[in-house]
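I would like the entire structure built from these sequences, with the hints used as guidance.
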Amino acid sequence: MSHKFRVGVIGAGRVGAVLAAGLHAAGHHVVSAAGESDASRRRAAELLPGVPLRKPSDVARDADLLLLTVPDDMLPNVVQVLAASGAIRAGQYVAHTSGRHGLAVLAPAAEVGAHVIALHPAMTFTGTVVDLERLHGCVFGLTAGPAEREVAEGLVSDLGGRPTWVPEEMRTLYHAGLAHGANHLVTLVSEAMSMLAAAGVDDPSGTLRPLLDAALDNALAHGDAALTGPIVRGDVQTVAAHLADISRNAPDTLPSYVAMAWATLDRAVTDGRLIPIRAQKMADVLGAYGDRSIESRFARPSTAGDAGADQA
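To convert a position in the sequence shown, counted from 1, into my numbering, add 44.
The hints are simulated quantities; they were obtained by calculation from the structure and are not laboratory data.
Be a bit skeptical, because a hint or two may be false.
Stated by the list, open to error - Here are the simulated distance ranges between beta carbons:
| id | residue 1 | residue 2 | range |
| --- | --- | --- | --- |
| 1 | Val-125 | Asp-247 | 47 to 53 Å |
| 2 | Glu-212 | Ala-265 | 28 to 34 Å |
| 3 | Thr-314 | Leu-232 | 19 to 25 Å |
Stated by the list, open to error - In silico lysine to any residue, SDA-like type, Cα no more than 25 Å apart, as pairs:
| id | residue 1 | residue 2 |
| --- | --- | --- |
| 4 | Lys-48 | Ala-69 |
| 5 | Lys-48 | Ala-191 |
| 6 | Lys-48 | Ala-89 |
| 7 | Lys-48 | Ala-134 |
| 8 | Lys-99 | Ser-84 |
| 9 | Lys-325 | Pro-299 |
| 10 | Lys-48 | Pro-190 |
| 11 | Lys-99 | Ser-129 |
| 12 | Lys-48 | Cys-182 |
| 13 | Lys-48 | Leu-176 |
| 14 | Lys-325 | Gly-273 |
| 15 | Lys-48 | Val-183 |
| 16 | Lys-325 | Asp-315 |
| 17 | Lys-99 | Ala-83 |
Predicted model only: the values in this text are computed from it and were never measured.
The beta carbon of each residue, even a glycine, is placed where N, CA and C say it ideally should be.
In structure tokens, the structure reads:
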């Protein structure tokens with residue numbers, strides 16, 4: 045992108061400081077930042093040396109590209125206050141980095157004539173220089189009007205990322221997919237390490253790493269076809285033994301194991317890898333630890349001539 049902006053960032057947290065540093069490296073001029081916590085101040089000193097920390101309204105007035113990198117629930121109020129105070133002006137670009145929100149949350153800015161963009165990096169941030177390299181190849185979920193598309197894509201290009209366009213009405217589902225995949229993965233892996241530790245494994249993370257690396261690569265490449273393990277194989281007794289042993293030795297992990305087992309069973313039946321009679325036996329075992337109204341999930345009407353076919 046040929047045009048270089050005077051950039052102000054409100055919310056010098058992990059995301060804001062890193063994106064501002066990335067834009068600075070691409071030739072934009074980061075003029076000021078706002079961050080109140082000690083952590084934000086330390087982060088700004090490391091990633092944005094020499095950039096003054098100012099009040100949010102002053103940061104907004106300084107910039108012709110304003111990055112709002114505050115938490116999702118704070119964003120509506122921040123936009124409203126800045127627009128009402130006159131800190132946001134016509135012709136200015138205002139971009140937020142929320143995954144959940146689209147352009148509607150920026151309506152107060154658009155009403156005063158600002159160009160608005162939703163620009164969400166699909167990445168987890170540490171708030172350190174390590175993240176700058178990770179931006180290269182990172183996908184950004186973009187929502188913008190026709191007049192702002194070129195600028196939005198240019199900013200992503202300057203950060204070394206790749207754009208994907210998300211319709212306004214699908215922003216929340218887009219964000220839910222990312223949170224389900226990334227945040228819940230951390231919980232899942234942590235619980236798996238806890239189970240292995242309880243089983244006496246001396247290096248839970250090292251034991252899991254090759255397995256998880258392969259499982260993640262296969263899942264991303266092949267989806268449900270990558271499913272392996274006792275549920276897909278229909279090993280009912282193995283799953284029953286898992287549940288009993290988890291109940292005794294790692295009960296805190298039982299609810300998530302059962303929930304994911306139900307979800308895995310659903311998918312194994314849907315793609316035809318587990319016949320209904322075996323699925324019902326598996327469901328009976330899982331139902332002892334949490335009922336899911338299994339009859340409605342796996343019962344399928346039969347017709348003459350297909351009694352032996354997979355009904356799922």
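Enumerated hints in conflict with the structure, sorted upward: none
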